[in-house]
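Colleague: Sequence:
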Amino acid sequence: MQTSATAQAPTSAASQDLVGVLVILIKPSNKQDKQRYDQLQQLRRKHDQAFSRWLPHITLIPPFTLANPSKIEDSNSILDELIKIHELKLSQIAEAALQVCAKHETHSLLIDQVSTFPLRKYTNVHLRPFPTNFQDKSTRGSWQAVNGSSSQDKDADHSSRRIVGLQTELADAVTPLLRPSANTTSGDGSSSGKDQKDRSSRRKENVFKPHVSVGQSTSSKATWQLCRSAEKVLSGDSKAGEQSHGLLCDIDSVQLMIKQKGQEGPYHIHKQLLLSQR
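This note's numbering numbers the first residue of the sequence shown as 1 and each following residue consecutively.
Everything labelled a hint here was simulated from the structure, so no lab data went into it.
Don't be surprised by glycine CBs; every beta carbon is placed ideally from N, CA and C.
Honestly, I wouldn't trust all of these hints.
[Claimed, not checked] Under the rule of at most 27 Å between Cα atoms (straight-line distance), these lysine-lysine pairs were calculated in the DSSO-like manner:
id	residue 1	residue 2
1	K27	K221
2	K103	K27
3	K209	K271
4	K209	K103
5	K209	K232
[As the list claims (entries may be wrong)] Using C-beta positions, here's what the derived DEER-type ranges look like:
id	residue 1	residue 2	range
6	S52	G165	29 to 37 Å
7	Q272	I72	20 to 28 Å
8	S235	R179	38 to 46 Å
Turn these sequences into a full structure, and let the hints guide you.
Modeller: This is the structure we're talking about:
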């Protein structure tokens, strides 16, 4: 994955709009986790249509488009020009996200489940941390039962609790900036009542379930086989002294990534937003 804007050959499907997204790129915690990460990449290379665009990641804010009102003549530097055109908006998004990140500490996340969700043309197979939905009362209750208490030691908490909190605050901070034309604050700079209701409604409709895509399948048999392969990645060799199951990741930053809409090739890291180091 490229980390800076570079010239790319234009494609017929590419537009002159800019696409942005906020993600967490997966960072393995130790040597064993790196081995499992590499095995995941081998699996993704075979089964994930987005392999060339992404490293393993968790999407926090889905892709959004920043439209370009004018035509860029020099096709060799379209991305650089788009960054200049949208410099103010990108800076606003990065600053809002950075303020949220500064309030959240670095931590570890254990990705230890394999799951799927159906889409129109295929089934997405992915890895997830536990639990995947804190809005579900039964899930929340069983998580607390497994961990003994909801106020357990932070350093021992490898669940999705903290990444869910991070995503919720990022969505509240960044989403208003993505609206084409809306006054999202009242006269004193605070959020309006309508805006707060809109946020609550969005949360109920789009519950955040952190996941790392493994690949796509188009039949029940292929889905089962890909899930089995993903389970083997999480189980590893199970040697003595090794973490028994799952991929432990260091969560220490959020990436604002961009690319020209419709352009082939990888997203670029535009800004690296660090979490608090305690």
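Colleague: Now tell me if each hint is right for this structure.
Modeller: Here is what the structure says about each hint:
1. K27 x K221: violated, 31 Å
2. K103 x K27: Roughly 20 Å separates the two Cα atoms, so the pair holds.
3. K209 x K271: holds, 24 Å
4. K209 x K103: holds, 21 Å
5. K209 x K232: The hint holds at about 22 Å.
6. S52 x G165: 29 to 37 Å: holds, 32 Å
7. Q272 x I72: 20 to 28 Å: The hinted range 20 to 28 Å holds for Q272 and I72, with Cβ atoms some 26 Å apart.
8. S235 x R179: 38 to 46 Å: holds, 44 Å
Going down the numbered hints, you'll see the structure goes against just number 1.
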